[in-house]
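Trainee: Here is how the chains run, residue by residue.
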Amino acid sequence: MTDPSRDRTWRFLHEMIRIRRFEEKCAELYSAGHIRGFLHLSIGEEAVSVGVMHALAADDAIVATYREHGHALARGIPMDTLMAEMYGKQTGCSRGRGGSMHVFDAAKRFYGGNAIVGGGLPIAVGLALAATLQRQPGIVACFFGDGAVAEGEFHESLNLAALWRLPVLFVCENNLYAMGTRVDRAQSQTDLAAKARSYRIDAAAVDGMDVLAVADAAAHAVASVRSDGTPRFLELRTYRFRAHSMFDPDLYRDKSEIDAWKQRDPISTLSRTLVERDVATAALVTAVEASVADEIDQAVQFADESDWEPAADLLKDVYTR
Amino acid sequence: MTITYRDAVHAAHREALLKDPRVFLMGEDVGMYGGSYAVSKGLLAEFGPDRIRDTPLSESTFVGAGIGAALGGMRPIVEVMTVNFSLLALDQIVNNAATLRHMSGGQLHVPLVIRMATGAGRQLAAQHAHSLEGWYAHIPGLRIVAPATLEDARGMLWTALEDPDPVLIFEHQTLYNFEGTLPDDAGPVDIDRAVVRREGSLVTLITYGGTLHKTLQAADALATEGVSAEVIDLRTLRPLDMATVLASIRRTHRAVVVDEGWRSGSLAAEVMARIVEQAFYDLDAPPARVCTAEVPIPYPKHLEEAALPQPASIVAAVRGLVGAHV
Numbered sequence: 401m402t403d404p405s406r407d408r409t410w411r412f413l414h415e416m417i418r419i420r421r422f423e424e425k426c427a428e429l430y431s432a433g434h435i436r437g438f439l440h441l442s443i444g445e446e447a448v449s450v451g452v453m454h455a456l457a458a459d460d461a462i463v464a465t466y467r468e469h470g471h472a473l474a475r476g477i478p479m480d481t482l483m484a485e486m487y488g489k490q491t492g493c494s495r496g497r498g499g500s501m502h503v504f505d506a507a508k509r510f511y512g513g514n515a516i517v518g519g520g521l522p523i524a525v526g527l528a529l530a531a532t533l534q535r536q537p538g539i540v541a542c543f544f545g546d547g548a549v550a551e552g553e554f555h556e557s558l559n560l561a562a563l564w565r566l567p568v569l570f571v572c573e574n575n576l577y578a579m580g581t582r583v584d585r586a587q588s589q590t591d592l593a594a595k596a597r598s599y600r601i602d603a604a605a606v607d608g609m610d611v612l613a614v615a616d617a618a619a620h621a622v623a624s625v626r627s628d629g630t631p632r633f634l635e636l637r638t639y640r641f642r643a644h645s646m647f648d649p650d651l652y653r654d655k656s657e658i659d660a661w662k663q664r665d666p667i668s669t670l671s672r673t674l675v676e677r678d679v680a681t682a683a684l685v686t687a688v689e690a691s692v693a694d695e696i697d698q699a700v701q702f703a704d705e706s707d708w709e710p711a712a713d714l715l716k717d718v719y720t721r
Numbered sequence: 173m174t175i176t177y178r179d180a181v182h183a184a185h186r187e188a189l190l191k192d193p194r195v196f197l198m199g200e201d202v203g204m205y206g207g208s209y210a211v212s213k214g215l216l217a218e219f220g221p222d223r224i225r226d227t228p229l230s231e232s233t234f235v236g237a238g239i240g241a242a243l244g245g246m247r248p249i250v251e252v253m254t255v256n257f258s259l260l261a262l263d264q265i266v267n268n269a270a271t272l273r274h275m276s277g278g279q280l281h282v283p284l285v286i287r288m289a290t291g292a293g294r295q296l297a298a299q300h301a302h303s304l305e306g307w308y309a310h311i312p313g314l315r316i317v318a319p320a321t322l323e324d325a326r327g328m329l330w331t332a333l334e335d336p337d338p339v340l341i342f343e344h345q346t347l348y349n350f351e352g353t354l355p356d357d358a359g360p361v362d363i364d365r366a367v368v369r370r371e372g373s374l375v376t377l378i379t380y381g382g383t384l385h386k387t388l389q390a391a392d393a394l395a396t397e398g399v400s401a402e403v404i405d406l407r408t409l410r411p412l413d414m415a416t417v418l419a420s421i422r423r424t425h426r427a428v429v430v431d432e433g434w435r436s437g438s439l440a441a442e443v444m445a446r447i448v449e450q451a452f453y454d455l456d457a458p459p460a461r462v463c464t465a466e467v468p469i470p471y472p473k474h475l476e477e478a479a480l481p482q483p484a485s486i487v488a489a490v491r492g493l494v495g496a497h498v
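Line order of the protein sequences matches chains A and B.
Heads up, the first sequence is in the working numbering, so the first residue is 401 and it goes up one at a time.
Heads up, the second sequence is in the working numbering, so the first residue is 173 and it goes up one at a time.
What the hints contain is simulated information worked out from the structure, not anything from laboratory work.
Even glycine gets a Cβ: it sits at the ideal position worked out from N, Cα and C.
There's no promise every hint is true.
Here are the computed lysine-lysine pairs in the DSBU-like style, where the Cα-Cα straight-line distance is at most 35 Å [as the list claims (entries may be wrong)]: (1) A:K425 / A:K655; (2) A:K508 / A:K662; (3) B:K191 / A:K508; (4) A:K595 / A:K662; (5) A:K508 / A:K489; (6) B:K191 / A:K716.
So, partial list: chain B residues that the calculated Cβ filter (under 7 Å) puts toward chain A [claimed, not checked]: (7) D263; (8) H281; (9) D337.
Here chain A stands alone, though its shape is the one from the complex (with noise of 0.2 Å):
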């Protein structure tokens, strides 16, 4: 496999088969009671954080929202701590003490994990702004979904970005629901892209169950973020799979809507392709699963076998000094 364009789309499929698998086995440990809280699965929507992760590099930040496994993933956070993170036990990457919604890893720049809708765009502007201040070249990938364009913050940050020129990428994973509220029941205008325009924001709106398209329209984006350090908009347009969160008894969805989103499923729809374009062959698909099956596997031990943060701990880090 020489072809560089034909590894990319091969690494795609690993690392959505990776977010997947794990996120499946993180549905499985919930039932089984060693994963508890909140626990919100992006299963369906692989191919945002994949995309868009994949145009990123070392010196960018991440700012992501409350369901950010397959974000963590994708930009290198190991699965052990990870899995850890989710058990709650102090080998996790925030030392256990965020859970699901609260994955930080400070030397891959990735702040969160933020469990307010709408919170982390001004964090992701302040941290444009630290850049710019200090002429670093890294840029803010700023992930939220469309329940956070109805929140202020999301305007006031557009605005702020736009107004002082900070190289932060908005990127809003329209899923169509903000937990169980469809856009068009909470959005007067729902192309949500219009909304970045009215900042004077480029602004594209891209299918999400794509991950060859979101990579495409994400390396764009920043590479134009990149050159005048200004703010883009994408809107990738995807879909959940799953329920809102391990408590959501989908009430609001019809199943023919969540089956007709199944058949644009990112990873069998790529995986498709690839066979029948004879990059790849269901053999070596199947020895994709098994690799990822075996990290999972080591994941789960490392977790299961990993020490409680001890108690003594508690108040540790609520302060420096």
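Given chain A, put chain B in place with the hints provided.
Mentor: Chain B in isolation, oriented as in the chain A frame:
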């Protein structure tokens, strides 16, 4: 040389901006206008628009941007015009600034300073005059300070900027025109300890911020009646320096807490609870409180004065405690 509290805060900003290139100031009208309380007048001309940044009226986002900039290696000073407006930024202050260090397992820290005006006394009515610093003092992860003197107005900012964690500075709005003298070499001060502002032997008056000066006036009046009152300025509202407070009470055996916040669920309630927990057997009388009446601050001068702690009400509270001794 006589200077004002405003001059002292201004000098503190100049010092910080000169000392550390990571320091910048942002907020509503801090630049061209010179600050709503004229604290930053002239700084835009001296330091330029990169470091003195006028923001839109977007409290949540410019406070959140301060958090992000602090995470990104800067040392931001964010000015919020008044504590009532800071409620628009509560999400960022409480859910992010206060939590990120602990929630990230110690990986992140937020060296951010947020300054705001607080308190009543200028007939600004019920949306510009409340004292909500006690609310913020409820939040683990924040450090809350209230400079009441010129020395602290001059010296707390730099120390706050050096702190790796978020510090909120509450400046009582009646203090900006307060005059006094400062030594030429005035500089940074600690933001950890309460101090005794006036020594006394019969009762300890515990206060902070704008009511410090009213409490000192009350102590002067009490002295003419033969009542020797010690006055403690808490200075830092979180974490509380109870050692200084308790040492005083172990000498005077009586305590009155003076707080411009409302009584119910207040900082005064917390201080009093700790006194009762930690010095119960040292007390010769039940501790007392002088707080703001539990109403939204009204506009007319006579009603505003009636709502707030005043020297006369502080004196009356002390007389109630020490009656048998004078």
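Trainee: Determine for every hint whether it applies to the structure shown.
Mentor: The hints, checked one at a time:
no.	hint	verdict
1	A:K425 / A:K655	23 Å, holds
2	A:K508 / A:K662	32 Å, holds
3	B:K191 / A:K508	31 Å, holds
4	A:K595 / A:K662	28 Å, holds
5	A:K508 / A:K489	20 Å, holds
6	B:K191 / A:K716	31 Å, holds
7	D263	6 Å, holds
8	H281	6 Å, holds
9	D337	5 Å, holds
Of the hints listed earlier, there is not a single one the structure fails to meet.
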